[in-house]
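> In case you want the letters, here they are:
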Amino acid sequence: NAGVMQNPRHLVRRRGQEARLRCSPMKGHSHVYWYRQLPEEGLKFMVYLQKENIIDESGMPKERFSAEFPKEGPSILRIQQVVRGDSAAYFCASSPPGGSGANVLTFGAGSRLTVL
Amino acid sequence: KQEVTQIPAALSVPEGENLVLNCSFTDSAIYNLQWFRQDPGKGLTSLLLIQSSQREQTSGRLNASLDKSSGRSTLYIAASQPGDSATYLCAVRFQNNQFYFGTGTSLTVIP
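Chains as they are written, first to last, in my numbering: chain A, 1 to 116; chain B, 1 to 111.
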């Protein structure tokens with residue numbers, strides 16, 4: 001049972017380009033969370049999605065950032081017109097459906113975006 | 001507002017010492033609390049999960065406790081080793097299904 005898979009692991013973009021980060025949750029997990037970690041800072045929540053639904057996007061910047069979790073395929077975090085301040089590690093996590101206290105949050109290895 | 005706080009922000013101890021990391025949260029309506037470890041430049045590794053109905057969980061030299069009524073959890077590390085050096089994060093799953101993270105405790109174990 002593969003864990004949470006994120007790709008690419010490292011991505012370099014020039015200012016103004018687009019970045020697309022992908023996350024495949026663990027098998028059986030239908031909840032996906034994206035977090036951003038800036039250098040020397042903690043994890044900041046960005047968005048929480050279930051299949052075909054954005055549940056909470058209160059942590060997403062209002063412009064240039066979008067996320068989706070389609071019925072088929074991975075969740076995608078898209079950053080348009082990247083700027084240097086977008087350079088960070090972006091982590092995806094998934095958990096099973098339902099409100100059980102036994103539901104564990106499992107993280108991917110992260111995608112490290114560098115904007116030149 | 002749901003918040004998670006961790007103290008201390010950084011801790012340095014000599015090898016062999018027992019130590020305690022603290023996590024506090026503002027809302028007792030939780031599903032669970034999870035402790036993670038993060039090594040520099042790496043992802044997060046889950047260490048222990050405590051469900052809201054549980055008081056503690058143990059794994060090897062690690063013991064995590066939960067006091068939901070006071071909004072606190074502690075992670076106890078026994079007989080610390082240099083390999084324990086990392087940042088330790090606690091995450092609380094509130095009943096809105098949202099996970100909130102503390103800012104972490106950076107632990108250095110000195111050989």
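Treat the hints as calculated values from the structure; they're not laboratory data.
The beta-carbon is built from N, C-alpha and C at its ideal position, and this holds for glycine as well.
Check before you lean on any hint, since a few could be wrong.
Every beta carbon over 10 angstroms from chain B, so not counted as near; a handful from chain A, in silico [as the list claims (entries may be wrong)]:
| hint | residue |
| --- | --- |
| 1 | K27 |
| 2 | H29 |
| 3 | L105 |
Pairs of lysine to aspartate or glutamate residues, derived as EDC-like cross-links and limited to a Cα-Cα distance of at most 20 angstroms, are as follows [as the list claims (entries may be wrong)]:
| hint | chain 1 | residue 1 | chain 2 | residue 2 |
| --- | --- | --- | --- | --- |
| 4 | A | K51 | A | E40 |
| 5 | A | K44 | B | E3 |
| 6 | B | K42 | A | D56 |
| 7 | B | K42 | A | D86 |
> Confirm or reject each hint.
Going through the hints against the structure:
no., hint, in the structure
1, K27, "holds (17 angstroms)"
2, H29, "holds (13 angstroms)"
3, L105, "violated (5 angstroms)"
4, A:K51 x A:E40, "violated (32 angstroms)"
5, A:K44 x B:E3, "holds (12 angstroms)"
6, B:K42 x A:D56, "violated (26 angstroms)"
7, B:K42 x A:D86, "holds (18 angstroms)"
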